[in-house]
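> So the chains spell out like this:
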Amino acid sequence: QKEVEQDPGPLSVPEGAIVSLNCTYSNSAFQYFMWYRQYSRKGPELLMYTYSSGNKEDGRFTAQVDKSSKYISLFIRDSQPSDSATYLCAMANTGNQFYFGTGTSLTVIP
Amino acid sequence: SQTIHQWPATLVQPVGSPLSLECTVEGTSNPNLYWYRQAAGRGLQLLFYSVGIGQISSEVPQNLSASRPQDRQFILSSKKLLLSDSGFYLCAWSGRGTKNIQYFGAGTRLSVL
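Heads up: the sequence lines are chains A and B, in that order.
If you count the first sequence from 1, position 9 lands on 9 in this note's numbering, and the numbers rise without skipping.
If you count the second sequence from 1, position 112 lands on 112 in this note's numbering, and the numbers rise without skipping.
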């Protein structure tokens, strides 16, 4: 079983839609949860960071962590064409070991 | 603020030629440094990581090596490139302390022909 599972998509939505991206994981030791956005031929950029459980909101983006279900989500409200990218989830334990999902490709159609 | 520089952005090399990719970090000291290779649909493959000068851990056996000659400099090398070395290479850093976050460079797209 992989440490982190992420549906690769591709996901295609109309502009203005709410997008839900998800990852599941198997290691209960993970404490740090991240979402990265990666545009084509660019390096991943940190989008959201959450420590332990709970929700975090930043503008149109909301990150949720449910440690009991080992499930994390990223919601994008009022999606824009500029949100078209690949979204990577990532997790880390206190030992500074990082695990990444394979990424979900998102296209927002104008 | 911290920044990470990675170069070159694109590189085309013949099979059998040497390789040197460089990554430097500014604005922080004693970072953890990482080299990844990213293949389409396969996510990030960790190649090397370093917790200090001269301290390199290799995650997968391969045709590549890494060195850390200075605190904020990380170099990925090969003596003889193979076709299978083609890919998108990413350097990343993370700080020490309680916030475990990795920050990535812009990446190098390597084509071995």
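It should be emphasised that the hints constitute simulated quantities derived from the structure, not laboratory data.
A few of these clues could be false.
[Claimed, not checked] Cβ-Cβ distance ranges computed for the label pairs, FRET-style:
{"hint": "1", "chain 1": "A", "residue 1": "Asn96", "chain 2": "B", "residue 2": "Thr3", "range": "40 to 48 Å"}
{"hint": "2", "chain 1": "B", "residue 1": "His5", "chain 2": "A", "residue 2": "Gly59", "range": "22 to 30 Å"}
{"hint": "3", "chain 1": "A", "residue 1": "Gly95", "chain 2": "B", "residue 2": "Leu83", "range": "22 to 30 Å"}
{"hint": "4", "chain 1": "A", "residue 1": "Gly95", "chain 2": "B", "residue 2": "Val60", "range": "37 to 45 Å"}
{"hint": "5", "chain 1": "B", "residue 1": "Ser111", "chain 2": "A", "residue 2": "Ser68", "range": "28 to 36 Å"}
[As the list claims (entries may be wrong)] Footprint (simulated), chain B over chain A, 3 or more residues, beta carbon under 8 Å:
{"hint": "6", "stretch": "43-52"}
{"hint": "7", "stretch": "87-97"}
{"hint": "8", "stretch": "101-109"}
These numbers come from a predicted model, not from an experiment.
Note that beta-carbon positions come from the ideal geometry of N, C-alpha and C, so glycine has one too.
> Check the structure against each numbered hint from earlier and tell me which ones fail, lowest number first.
Violated hints: 1, 3, 4, 5; rest satisfied.
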